[in-house]
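The whole structure should be built from the sequences, with the hints applied where relevant.
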Amino acid sequence: MPYDLDSSPNSSNEYRRIYFEFNKARLEGYFSEPLVISLYRNGVKAIGRSKKMYRWRGLYDLSPQNRTILVKANGVYVDPVVTPCRENLIVHSNTSKPVLVKLFSRFLTGHFQHHKFLRNKILWRFFVEAVSRYANLPNLFEATVEVNRSSRILDLSPDILIVGGGLAGLTAANLSSSLGLNVILVEESPWLGGRLRYDTIDVPGITIDRSEILNGLVRNLESRPNVKILLKTVFAGFFKDYAIAYSEDNATLYKIRSKAYILANGKIDLPCIFRNNDMPGVISASTILKMLNCYDVNPGKRALLLGYSEDSVRIGQQLKRAGVEVVIADNSDIHDRYSNPSLEVVDNLCEVRVAGGRSVEKAELYRRDGVREVLDIDFVVCSAFSNPDIKFAGQLNSKIIFIKDVGFIPIHNEFMELRDNVFIAGGATGSPYSILHSIEGEISALSSALKIGFKNLSGLLEEKVEEYLKKLREFNITWKEEVFKSYKSGYQARLDVPVSFKNIFISKPRRDAFICFCEDVTTEDIIRVVHLEEFKLLELVKRGLGICTGRCQGRLCMINASIYISHLYNLDPNRIGLTRIRSPGISLPIHVLELGEGA
Amino acid sequence: MKIAVVGGGISGLSIAYNLALRKAGEIHVYEKNWITYGSSTRSGSRFRVHFWSEENSRFAMESIKRLEKLAKKMDWNPIINRTGYLWLLSSEQEIEIFKKSNEMWRKLGVGGVLLTTEEVRERYPYINVDGLAGAFFGPQDGSFHHDYVCFGYYSLAKSLGVVFHQKTEVKDIVVSGGKVEGIKVGDEGLEKFDVVVLATGAWTNIIIEKTGIKLPVEPLKKEVCLTEPCRYFIKPLVIDLASSAYVTQTLKGEILGSIDYPLPQGLGDLETELGFVKAWARAVAKRIPILRNCRIMRTWAGYYMMSIDNSHIMGRDPEWPEGLYVAYGYSGHGFMMAPLVGELLAENILTGRVDELMKPFLPTRFKEDKLIPEKLVIG
Ligand SMILES: Cc1cc2nc3c(=O)[nH]c(=O)nc-3n(C[C@H](O)[C@H](O)[C@H](O)COP(=O)(O)OP(=O)(O)OC[C@H]3O[C@@H](n4cnc5c(N)ncnc54)[C@H](O)[C@@H]3O)c2cc1C
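Line by line, the protein sequences give chains A and B.
Take the first sequence: its letter number 340 is residue 350 in the numbering used here, and every next letter is one higher.
Take the second sequence: its letter number 312 is residue 298 in the numbering used here, and every next letter is one higher.
No wet-lab data here; the hints were simulated from the structure.
Pulled from the structure, derived: some chain B residues nowhere near chain A, Cβ distances all over 12 Å:
no., residue
1, 11
2, 52
3, 99
4, 169
5, 197
6, 253
7, 306
8, 362
In silico lysine-lysine, DSS-like type, Cα no more than 30 Å apart, as pairs:
no., chain 1, residue 1, chain 2, residue 2
9, B, 18, A, 414
10, B, 18, B, 200
11, A, 546, B, 238
Computed footprint of chain A on chain B; a stretch qualifies when at least three of its residues, placed anywhere within it, have a C-beta under 8 Å from a C-beta of chain A:
no., region
12, 55 to 61
13, 279 to 290
The beta-carbon is built from N, C-alpha and C at its ideal position, and this holds for glycine as well.
Here it is as structure tokens:
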């Protein structure tokens, strides 16, 4: 049972030991776990190479929406994060680096095409030839066309579509289905529970029984015929005529027309910006927790955690319990250390550089006072900054504002309304604690039901909102006021607020500190176009460099690019802005799109 | 002279640069969002010299020459690449049309080749030739990078002293005594200008109609699909005339294309439709089966500004208020025309001279009934 909190890979039948092949080596994994996890288990961290510079790339995050690396499995290009490990799977990845790239890698910067000498006709032909031949991209002719017999397109028309099966989504599903509404919940991972499944997100001092809450909710939902749960299915957002979701597992595309939508798709752990931050072994915080608590993988022996916060301390403690040595590093002055003094903290950093080959091996920490520390490590955890997933709010053209110390937040009101029939709840709103997430789940469910025509619920809704506002005051979360106010009146950017960003660990632009991992764009490239043309708008920087246009569609780079430019020019990120987010939110195979209806 | 260029797309940028190059005086560009925001950043980035009408063919030929020359001066490499256009033809009738046009093109020095299906299969093994009767290949055609071209013009114009006002919408044109007096920006009062050039693309009707002028031009929404990048293999732009689907590949590896799909006329939202994506997917999967293995990553929409004869409009009508000029109505192939439009219009504004190439495209052609029917419109 995927949502059984106590299951570990060894205790369940599901998880059979199997053998597979990676670049000719025979490896052992567990049946149906993601391929990247099986590889990590075997110590294979460097899975592939990047597009332009052929740098090593490995697992950063377990979300199927990033698609940062592709490998060939049984002849088909797949994302090893979504592809389950199977008996005798033959996996192949491009690990060699062309000689030409080795020789010219100095020139392969994001702004290389702006060099004047390239306008020379003869050189130009050579360059075009090189680009077309040497970019590390899937070669369609070397792959078999994937024909999944079960692939099809299905229509769904529920009353409420809920995106995300975390606490907020489950609570919303529970409440709305108890009213008799037809509910469909889509969840991209193989289990329900979201963060609750692998982390505690409680207010310090208050603990909840995670498994009891979760199992209770799931039991309720399973007993109701008017609830349908689609696991391993990624919501891909809104087109004008349909909303869509796609399941890689059975190649099914869902065309959705729902009366109301609830976005409870949580937060994204953004990469930290430091030197060689693209190296295998640099991993997002939530992925580390999933490794520990869901897949039973030991992430390593010595960890560097970037960013000091309640969250990272909690992760540090969990790692410690698993026998990992942990150092937490932060870029500001840490005065109030949270509980547990046993975690080593290095603060006041101005620069971090990691080094290694196929995986990180060392970290150099530079403090503002000139002290330099070198650590032996074998993985880095990016736990400095997580931002609500703004993809769908962006697709819907909702206003998204930057709030100091919180991040980019899609603006909504206290009824959790984002736009006529679209509501938002949980981590996706930027709220920090599970107690808030479950109230937001309830409010969004009541608001949706009210929209659909359940007029008698308005009293209950008012009560819930009252309770919610009280909780916000209790936890001293004042920035939400600003969000609610902006929803009513429109936001006026304050243009000169100096802000510090928790995930920036470089003192100046560096050609080995990456912003965009799909197109290999570094902080130095960014600064070139910003300087060259005074492009202080992300829309223009995007067009100049191609950030936000790679396979992850800006999921990992968009916010980082905006805050990095803000950081350099000491501007409010609201002024730099974000870019328009286009549909579909994940890429969809043409062999499924071409199918007829109901096929 | 004080000149306001309204619109920061390729037309506005090219006009502003050419004016500045000729030391026209004080030049201001007004753009309501950011430069390139309109159709210019949403285009397919392809150029061709093969048009139905001789006027358009000549214009495009000269325009591309201008761009190639200018490329050497630009800070941004416009990535001009002569990859060719491959028109897939499904009937003898279509072949006849191209045969006839090819004679005209040959006279202009840009003749192409007609291919049999056998030759298509040999030269482009990835194309499924089922149902085809032949093809036409135009080797003089190709691609550029739309954003880099715009930024190239922008940075040249800036260095020549053009003042850019981004995020500044022009609300009205003030006319008095049959003469342009200036423009109104935002809520502020009158900004005085001797000349106002409208290069406002799909939004031109909103502003020009305030002065009482109406031309037969309407915006038409168009959507585009883009796949995940894969190893470069589709060199030319491939157009399947029967389904009107086109496919091409960028140097970054993405495959880009569109198909004629019923979309509303006029300005509206720029959201895209799943129905469109499926229609394109079906068409390309049939024509280039290997693309079944590829994934559609992104879609976007923009406007073609369609004039009734599918040809662009530039210059002025002597009956209009003095000092008012336009450059719009490109009908889906404007990016490639803009380099020359900028040059000829700048000259026209400064000297009054109407170049031979420009003459057919004057706005007066509609009332004089001298249309330039253009039947080769893609997408
Ligand atoms: C899907 C698609 C594919 C295309 N493919 C090609 C192709 O392959 N090759 C080709 O040559 N052409 C192509 N085109 C056509 C080409 O993009 C356009 O013809 C060209 O970009 C028009 O440029 P423009 O500067 O006239 O207009 P735009 O680029 O639309 O610029 C107009 C600008 O004016 C601004 N503006 C409007 N009103 C105001 C105001 N009141 N105040 C201030 N600013 C204002 C707008 O914000 C906008 O930025 C394509 C178009 C589309 C939609």
